[in-house]
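J.: The lines below spell out each chain.
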Amino acid sequence: MKPFLLGFLALFSACLALAAAPATARFSGRIESEGGGPARFAQVRVEGAALAGRENSQVIQRAGNDGAFQVSLPPGVYEIWVTAPDHEEATFRLEVAAGSTLHREVRLSALRRTPYRVEAVALPRMMIPEVSGITFTPRGSLVVTNRRGEVWIRHVGGERWSRLAHGLHEPFGVVATDETDVFVIQRPELTRLRDLDGDGVAEIGTTVADHWGITGSYHEFTYGLVRDRAGNFYASSGLCSFGRGVELPWTRGPLRTAQYLPWPGPGAVPDGHRSVAEFQGWAFQIAPDGTFTPWASGFRQPLGVGLSPDDELFISDCAGAWVPTSALIHVERGAFHGHPDSLKWHPELRDRGLSAAEVSRLRRPPAVYLPRGLMGTSPGQPVWDQTGGRFGPFTGQVFLGDVSAVLMRLDLEKIGGAYQGTAFPFLRGQGLRLGGMRHAFGPDGALYLGQTVRGWMPTGGNEGLQRITWDGTAPVEILTQRLTERGFDLTFTVPMGTAAAKAQHYRFKRFRYDHHPLDGSLRREETEVPVTIARLEPDGRRLHLELAEVQPGFVHELTVAPAVTSVGGEPLLNRVSYYTLNRLVDGTTVTAPSKLLATAETALGPGDPRAGAELYRLHCATCHGADGKGSLAAGTPDYTGARGLRTRSDAELAQIVTEGRLPEPPAVNPMPPWGNVLPAQAIRDVVAYLREAFP
Amino acid sequence: MRVRRLTHPLARARLSLAVGVLAAALDSGRAVAAERPSQSTPPHVALLGAPAESTAELTAIATALALFTVVGSAEEAEVAVVWRGPGSAGSAVDAAFAGFLERARPLVVLGADPAAWPGGASEVAALLGAAPGGSFAQGAAPTVLSDYAHPITTGVTEPLAPPPLRLWSGLTADTFVLQEATAGEETAPLAWIRQDGTRRLVHLAALNPATLREASGLRLVTQAVWWASGRPVPGATPHLQRTVLPDAHPGSFALTFPEGVGVCLDPVRGGINYLWAGEFADLRPRWLTKQGAPARLDGPVWYRESPEPAWRTAAGGPAAPWRFRGHTARAGTTEFHYEIDGRKVTERPTALPEGRGLTRHFTVGPGKPTLWLRLAPQAGVRIEVTGARREAEHAGFTEESGGAFTVQLHRADGEAIR
Chain A
1 MKPFLLGFLA
11 LFSACLALAA
21 APATARFSGR
31 IESEGGGPAR
41 FAQVRVEGAA
51 LAGRENSQVI
61 QRAGNDGAFQ
71 VSLPPGVYEI
81 WVTAPDHEEA
91 TFRLEVAAGS
101 TLHREVRLSA
111 LRRTPYRVEA
121 VALPRMMIPE
131 VSGITFTPRG
141 SLVVTNRRGE
151 VWIRHVGGER
161 WSRLAHGLHE
171 PFGVVATDET
181 DVFVIQRPEL
191 TRLRDLDGDG
201 VAEIGTTVAD
211 HWGITGSYHE
221 FTYGLVRDRA
231 GNFYASSGLC
241 SFGRGVELPW
251 TRGPLRTAQY
261 LPWPGPGAVP
271 DGHRSVAEFQ
281 GWAFQIAPDG
291 TFTPWASGFR
301 QPLGVGLSPD
311 DELFISDCAG
321 AWVPTSALIH
331 VERGAFHGHP
341 DSLKWHPELR
351 DRGLSAAEVS
361 RLRRPPAVYL
371 PRGLMGTSPG
381 QPVWDQTGGR
391 FGPFTGQVFL
401 GDVSAVLMRL
411 DLEKIGGAYQ
421 GTAFPFLRGQ
431 GLRLGGMRHA
441 FGPDGALYLG
451 QTVRGWMPTG
461 GNEGLQRITW
471 DGTAPVEILT
481 QRLTERGFDL
491 TFTVPMGTAA
501 AKAQHYRFKR
511 FRYDHHPLDG
521 SLRREETEVP
531 VTIARLEPDG
541 RRLHLELAEV
551 QPGFVHELTV
561 APAVTSVGGE
571 PLLNRVSYYT
581 LNRLVDGTTV
591 TAPSKLLATA
601 ETALGPGDPR
611 AGAELYRLHC
621 ATCHGADGKG
631 SLAAGTPDYT
641 GARGLRTRSD
651 AELAQIVTEG
661 RLPEPPAVNP
671 MPPWGNVLPA
681 QAIRDVVAYL
691 REAFP
Chain B
696 MRVRRLTHPL
706 ARARLSLAVG
716 VLAAALDSGR
726 AVAAERPSQS
736 TPPHVALLGA
746 PAESTAELTA
756 IATALALFTV
766 VGSAEEAEVA
776 VVWRGPGSAG
786 SAVDAAFAGF
796 LERARPLVVL
806 GADPAAWPGG
816 ASEVAALLGA
826 APGGSFAQGA
836 APTVLSDYAH
846 PITTGVTEPL
856 APPPLRLWSG
866 LTADTFVLQE
876 ATAGEETAPL
886 AWIRQDGTRR
896 LVHLAALNPA
906 TLREASGLRL
916 VTQAVWWASG
926 RPVPGATPHL
936 QRTVLPDAHP
946 GSFALTFPEG
956 VGVCLDPVRG
966 GINYLWAGEF
976 ADLRPRWLTK
986 QGAPARLDGP
996 VWYRESPEPA
1006 WRTAAGGPAA
1016 PWRFRGHTAR
1026 AGTTEFHYEI
1036 DGRKVTERPT
1046 ALPEGRGLTR
1056 HFTVGPGKPT
1066 LWLRLAPQAG
1076 VRIEVTGARR
1086 EAEHAGFTEE
1096 SGGAFTVQLH
1106 RADGEAIR
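In the order they appear, the protein sequences are chains A and B.
All the letters of the first sequence, read from the start, carry residue numbers 1 to 695 under my numbering.
All the letters of the second sequence, read from the start, carry residue numbers 696 to 1113 under my numbering.
Extracted from the complex, chain B is given alone in its bound form (with noise of 0.2 Å):
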C-alpha cells in the first residue's frame, strides 16, 4: 500500500471559497442537521483529495461534514471521506491514510477519479468494487436516476441533476447498488456500497461540482458518512417492500430497519421467516430482468424458522386457521394484520438498538381461542417472551379479552451486529 498525505482542504482552502457553493452547502447542512437530528454523537471525519481545481467542491463538501466532528488527519478519523481520490503519484503523501486503509476503517469515495489515485484505475477498482469504463445506452442521456430504499438514500426526492456520467462496470459481487441512471434496459451505477469485511464503503460516484450544488447531493454525502459509521442514519425510516425474498413464499415483506436488523416476514406462514443483520434488501436482481431472481440481503441471516406454520391451536398442536389482512405503515411504524382463529392479530416489529435483535409486539383482540406462536430458539439467540405464557417452543397468549404479549429476539452474545 503506497502512503500518501492527507491534508486538511479547509486550511487549504480558505483564501479561495466559493461562495456560492458553500452557501448551498451550509443552508443544506443545516437543513438536514435540523430536520433530522442525530440521537448519535457524531463520527469524527477526515476530508481528503486536494486537487487544486477542486477547491470550492471541496469547500462544500467540508461545509456539509460540518455535521460532524471534521478532523485533520485520518489517525483521528473514524470515516474518511475522498474527493474524486488522494491524489495522484508523486504528491505528498501520509503514511496516515495508508494505515486508516489497511485499518478498514470506513471510507466514502465522492467521485472517484482514477487519475486522483496514485495506483490509477487497478488501484481504485480494487478498493471500490468496479472497473471504471463502461458503456451506456450509446452515449445517450439517461431517462430515470432510480434510487433504491437504503438509509442513505433517505430523503432524497429529487434525482441528481443528469450529470455527464463517469461510468463504472464489473461490479463485484460484494457491492449493492443504491442509485442508477436507466435508459431503456440499460443501466449506469451511479452510487454503491460495498462491505469489504468490516469495512463499509461507499462510493458515490455522480458526485461532481454541479450536483454538490443541490441538495440531494449534499445529503447523500453526509448520510453515506452517517451509515458508513455504523450509526443510524437520522431521520431513516423502516422500509418495507413486498417482494420474492430467498427461503420465503413469493409475496414476502422485506421490512429493513436502519439500525441495521432485517425482517423476512412472511404473511403466507403467517410469521417471520428469518432476521439478517443489515438494512436493506436489494430488488435488482427481481427488476432488471424478464426472469428476474430472488432479492438479495446485505447481511447473513442470523435468526431462522422452520417452514411451517406460525400460529398453532395449541403447544405443539395443528397450524391454526389464519389469514393475512394486510399491513399499516406510518409515522416509521409497520404493522402486520392477521385473522388467526377467529382472533384480531396485529404484529409491530421494531428493532433493537444497534442491531442486537427484533422486539415483535402482538396485539390479540377478544376471542376464546388460546393464541401459540411457535418459538425457534436456537444457538446464538436469546428468546424473551412477555405478556405470554411460555412453553418450550411456544408463546401462548391465554387472555379472552385480548391484551399484548412481546416476543424480543437478541444476539445471544450482546454484540451489536455492527
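Chain A on its own, in the form it takes in the complex (with noise of 0.2 Å):
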C-alpha cells in the first residue's frame, strides 16, 4: 500500500479545514414502527469519511419520544442505520450537500417473534446499573462488578443481594470461587476479593497482578476477565487515548508515546490510540501466584475475553485503526493482531521499526469478522453454549453481544490448524437493551447480559442486566455454515422446505478489508459470487452449495431468499450471514487469479458525465473549486491552465481519484484518496466529468 493512502480521513478533514469550512446540512426525520406510532428507543447512525474527526467516523443520535430526530452533518456521502428494538433495521445512502436540509420518514418493520424470550433481571436498587462484568459462582449465585467500583451478589435460592465491594477502580470483569472468594479485573490490577467471616463483605483486596502501565486516559480499559482450568487469568488492555488524560509525570511503568509505525502525514493522525505506557494492546495471563506473562499483541479496544470449552483463548477486538471491522480472534501465544502500537512493548521487534508491509505480514488475522452494521460496532465478551441443549440446539457455538442492541451467534471451524468461521446475527433489538459488554450462561440455562454504554451512545436509562431464555421451541436458523472445496454446506435446525433446494435464493457476495491505519475499512473488491448449485439432501436440513469461485481472504456474506422456510412455511429468523474465509480446505492462505474480478472491473460503464458533474460538485468542488480552477490555499491546481488536465490519461487520473496524491511543493496538502468512498464507476464519472468540463 503507497503511504499517502494511509491518511485518507484525516487527510481529508485537513483539506476541508484549510479551504473554506463548508456550510453543514441539516438531517432530520422522523422514525415510526409499522404498527402505527414512533419506534421506542429508535436512533439513527450515520457513518461516513467526512466524519473522520469523529470516532468510529460516525454520529449516533436518538430519535425523541416522538420518534424525531435531527443531526448537523458536512456535505459527504453516508451510510445511515436506523435501528430500534424489536424492528428490522433500515439503511440507506445519503449524499449531503454543503447547506442543504434533508428529511426522511423511515418507518421500521417489526422483527419476527422468536423462541428467545429477553427480560430485565433486576437489580440493587442502589446500584448504578452499568454492569462491568457478571459470573456465576459454583453454587449458582449471581456476581455482578459494576464501573462504579461495586461487586454485587445475588444469592442461590432467592433474590437477596449483598454487597461483597465497593470502591473499587473500574472492573471490567470478574471470575468467583465461590461467595466469599472473587476475583476481579480493576484498571490497575488483578485483585482478589475474600470476605473470611462471612458476613457478606469482603474485607481483604489482595493484589495478584498489577504489571501493565497505566496513564490515566480514560480510553485505557483492562478488560477480563477468564481463567482457565489451570487456574491462569486472561485479561486484556485496551490502548489508550493519547493527549486525553495522560497524567504526566503521573504514569506507572514506563511511556513510549512515539507511534510505533509513524503517521506519514502530514495532517493530524487518523487515530489517536496509542500504547503509551506498558503492555496497552496486549492480552496477558496471569497465574495463580501472580506471574505475569505479556500474551499476545496488535489489539485496539479487545473488549471481551473468552476461553473455549477447551481453554483456547479468544477475544473481540473494536473497529478503528488497524482493525478493518470488529471481528473475534483467537489468541495464541505469541501472536500479533494488527495494531503495530503495541509492538512498542514486543521483546524482539520494539525497535525494529516494521514497515506496514511487514506489520501487515506479521499480522495474524482475525478467525471472524464482524462487520459492521448488521453485526453491531463493538463487539463484547464471547461465551460458549455448554447449556447441553437447554438454550436451544446450539450447543458449542459461540455467542456474544455488542454495545448497538445486537446478539451474535459464531459458528467456528478448525481448517489448517487455524479456526474461521461464520457469523450470524441472534437477536437485533428485540428487548435487547444497548451495550452488551458482559456475558455469562447460567446455571438456569439462560444466557445473561450485562450491559453498559457510559457516554459512547445516549441510552435513556436502557441498560443494565438481563437474561435471554428459550421457550423450548424450536427456532428456524441456519445452524452451522461450513466451508468444503466448492462452496459452503449448510445444516438448518429444522427440516426445510422445497425452495431450500434452488440456487437461486442464495445469494453470495465476497468482499475483503484493508489492513490500513484509518479509522476500520470499508469492503474492498465486493463481488457477486454466483451459486451454481444448490442440493439439499433428504432429510432437508443439510444443504450443499457450490460457488463459482472459492478464494481466501475473503469475506462472504450470504444472503437467503425469504422463499426459503421450514417445512412448516415458518420462514429463516435471520437470513444473513458472513463467513471468514481466510483458509481453504487445504490450508491455501493465498488468493489465486480470479475470474470473478476481472468480470467485476469489465462489467464498468463508460463514464457519465452528468453524474460526474453532481458527484465533483459534492466531493471536488470544496478544494479545486467549482470553477476548476483550484485553490491557492488548499494546494490544489487550475485545471484551466496551460497544462490542464491534458496529460494525464483518463486511467491516470482514475488512479489519482481512486488513491489520492500527495502534495507537489509548495503545496503541502496532499489529496485523498477517494476510492473507500466512491464505487470504481462513480470515479468514472467523475473523470468524465473533468474531460468535458476542463478539456
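Hints listed in this document are in silico derivations from the structure and should not be mistaken for laboratory results.
Computed from a predicted model, the values in this text were never measured in an experiment.
We treat Cβ as the ideally placed atom computed from N, Cα and C, and that holds for glycine.
It is possible that some hints are incorrect.
Reference listing, derived: stretches of chain A covered by chain B, where coverage requires no fewer than 3 residues with Cβ under 8 Å from a Cβ of chain B [what the hints assert, rightly or not]:
{"id": "1", "segment": "126-134"}
{"id": "2", "segment": "188-196"}
{"id": "3", "segment": "211-225"}
Both chains come to you apart, so use the hints to assemble them.
T.: Next comes the structure, spelled out in C-alpha cells:
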C-alpha cells in the first residue's frame, strides 16, 4: 500500500479545514413503527468519511419520544442505519450537499417473534446499572460488578443481594471461586477479594498482579476476566487515547509516546489510540501465583475476553485504526493481531521499526470478522453455549453481544490448524438493551447479558442486566455454515421446504478489508459470487452449495431469499451470515487469479459526465473549485491553465482519484484517496466530467 | 438581609401531633442513637420553618432532632434546621435568624421551597448554591437513587422512596452532591453540601412528607446536623475508593476519615501523596461522563510529598524495590500492604481527633534491609517519628526481627481543621 493512502480520513479533514469551511447540512426525520406511532428507543447512526474527526467516523443520534431526530452533517456521502429494539433495521445511503436540508420519514417493520425471551434482571435499588462483569459461582449465585467499583452477589435460591465490595477502580470482569472468594480485574490490577468472616463483605483485597502500565487516559480500560482449568487468568488492555487524560508524570511504568509506525502525514493522525504505557494493546496471562506473562499483542480495544471449552483464548476487538472491522480473534501465545503500536513492548520487535507491509505480514487475521452494521459496532465478551441444549440447538457455538443492542452467534471450525467461521445475527433489538459487554450462561441455561454504555451513546437508562431464555420451540435458523472445496455446507435447525434446494435463493457476495491505520475499512473488491449448485439432502436439513469460485482472504456474505422456509412454512429468523474465509479447506491462504474480479472490472460502463458533475460538486469543488481553477490555500492546481489535465490519461486520473496524491511543493496538502468512498463507476463518472468541463 | 422570626415548632405543633409520623420519628431517632452513640457534645439546634400545613413534618423532624439540644431561638443555636423555608414574605420576622445567617452559622435545609423564602428563588439560590427548576428525564421516574460515600450518607442502605422531585439546577462549583436521582444519563441532585466560608450548609432536597416517614430520611437529617456542626457523624467510618485523583497515579486510593482528614495513598509511589482537610472525594467528575476527570477534593491540601518513590534503601539513597500487595478493610480500619526490599510492610493510617492530622502506623516483618521512608518536612506541618530512627528527611527502621513504628503528621499550628 502506498504510504499516502494511509491518511485518507484525516487528510480529508485537513483539506476541508484549509479550504473555506463548508456549511453543514441539516438532516432530520421521524422514525415510526409499522404498527403505528414512534418506534421506542430508536436511533440513527450516520457513518461516513466526512466524519473522520469523530470516533468510528460516526454520529449516533437518539430519536425523541416522538420519533423525531435531527443531526447536522458536513457535506459528504453517508451510510444511515436506523435501528430500534424489536424492529428490523433500515439502511440507506445519503448524499448531503453543503447547506442543504434533508428530511426522511423512516418506517421500521417489526421483527418476527423468536423462541427467545429477553427480560430484565432486577438489580439492587442503589446500584448504578453500568454492569461491567458477570459470572456465577459454582453454587449458582450471580456475581455482578459495575463500573462504579461495586461487586454485588445475588445469592442462590433467592433474590437477596449483598454488596461484597465497593470502591474498586472500574472493574471490567469477574471470576468467582465461591461467594466469599472473588477475583476482579480493575484498571490497575487483578484483585482477589475475600470475605473471611462470612458477613457478606470482603475484608481483604489482595493484589494478584499489576504489571501493566497506566496513564490515566479515559480509554485505557483493562478487560477480562476468564480463568482456565490450570487456574491462569486472562485479561487484556486497551490502547489509551493519547492526549486525553494522560497525566505526566503520574503514569505507571515506562512510557513510549511516539507511534511505533509513524504516521506518514502531513495532517492529523487519524486515530489517537496509542500504546503509551507498557502492554497497552496486549492480552496477558496471570498465573495463580501472580506471575505475569504478556501473551499476545496487536489489539486496539479488546473488549471481550473468552475461553473456549478447550481453554483456548478468544478476544473480540473493536473497529478502528488497524482493525478494519470488529472481529473475534483466536489468540495464541506470541501472536500479533494487527495494531502496530503495541509492538513497542514486544521483546524482539520493539526497536525494529517494521514497515506497514511488514506489520501486515506479521498480523494473524481474526477468526471471524463482524461486519459493521448488521453485526453491530463494538462486540463484547464471547461465551460458549455449554448448556447441553437448554438454550436451544446451538451447543458448542459462541454468543457475543454488542454495544448496539445486537446479539451474535458464531459457528467456528478449524481449518489447517486455524479457526475461522461464520457470524450470524441472533437477536437485533427484540428487547435487548444497548451496551452488551459482558455475558455468562447461568445455571438455569439462560444467557445473561451485562450492559454498560456510559457516554458512547445515549441509553435513556436502557442498560443493566438482562436474561435470555429459550421457550423450547425450535428456532428456524441456519445452524452451521462450513467451508467445502467448492462452496459451503449448511445445516438448518429444522427440515426446510423445497425452496431451499434452489440455487437462485442464495446470494453470495465476497469482500475483503484493508489493514491500514485509517478508522476501519470499507468493503473492498466487493463481488458477487454466483451459486452454481444447491443440493438439499433428503432430511431437509443439510444443504450443499457450490460457488463459481472459492477464494481465501475474503468475507463471504450469504443472503437467503425469504422464499426459503421450513417445511412448516416458517421463515428463517435470520437470513444473513458472514463467513470469514482465511483458508481454503486444504489450508491455502494465497488468493489465486480470479475470473470474478475480471468480470466485475469489465462490467463497468463508460463514465457519465452528468453523474460526475454532481459528484464533483459534492466532493471535489470544496478544494478544486467549482470552476476548476483550484485554490492556493488548499494547494490544488488550476485545471483551466496551460497544463490543465491534458497531460494525464483517463486511467491516471482515475488512479489519482482512487488512491489520492501527495502534494507537490509548495503545496502541503495531499489529496485524499476516494477509493474508499466512491465506487469505481462513480470515479469513472468524475473523470468523464473532468474531461468535459476542463478539456 | 431580611429579618425573620424564629418559631419553635414543638410549641406550635403541640396540639396537632401526627401520631404515626411522630412514632416513626421517635423510633428512628432512638435507633440511630442507640446504634451509634456520639462521643461529642450534641450541638444546640434550632428548627425553623412554620408553614401551618407542615405541622406533622415539623414534629417528626423535631423528634428526630431530640438527639441534640433543641433550642428555641437562633441566637442560642449552633445549627439551624430549616424545613422548606423560614416563612413567606410578610410572615413574622426575627432579627435572630438574619444574625444567624450573617454569623455564617451551620445550616441544614430540608426540602427547600422557594415560596417559603421571603426573597424567593433568588434568595434561596444564593444561599444553597443552586437554582430551583430544571429538567430531568422528561418527567420519568428515577431508576436509581445514588448515594455518594460521605459521613452524612453513612448507613443509608435503602434509597429514599422516589419522591415527586423538586428539581434544582446550576449547582455552583463549591457544592458537592451527596445524593442524586438518575435515569439513564440524566441526573437530578437530591442532597448536597456547600462550605461557604466557614459555614457548612446541607440541603436535603428530596425530603418531603413521604420521605420523612422513612428511617433513611430521618437518618440523613440527624447526620446532616452532626456534620454541619463540625462534629464527627456517629458511626461514620473511613471510606476507601480507588480512582483517579489529582496529582497521583491512576488507581490511587482516596481514604477519607470522618474526622476531616482526606488521604491520597498512591500504591505506585508506595506512599501518601498528600493530605487534605476534608472527608470526601467527589467521584462524580469521573463517573458521569465518558472521558471523566480526576476526582474532586472537598478541602485544601495541607501536606504534600514529591512524586518520587517513598521507600529508600538508605537515607538519601535510591528507591527500594517494592510492590503493592493489596489492602485490608475491616471494623473501620484500613491497612495497606507492601513488600519492600523483601520485607513485608503494613501501613495503617488513622486520623487525629478533629482532623488535626494523621498517624501512619507501620508494621514491618522480619528482614535484614533497613527500610527508609522519605519524609517531607514542610511549612505548617510537624512530623513526629516514633520507633524508628530519624535522619533529616527520612525515617529508618533497622530492627531485623521486625516491629512497628509510627509517623505522625500534625498541623503545626495545632488548630483543628474545622
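J.: Hint by hint, note whether the structure agrees.
T.: Do the hints match the structure? See the list:
no.: 1; hint: 126-134; verdict: holds (count 4)
no.: 2; hint: 188-196; verdict: holds (count 4)
no.: 3; hint: 211-225; verdict: holds (count 4)
Violated hints for the displayed structure: none, as all numbered hints are satisfied.
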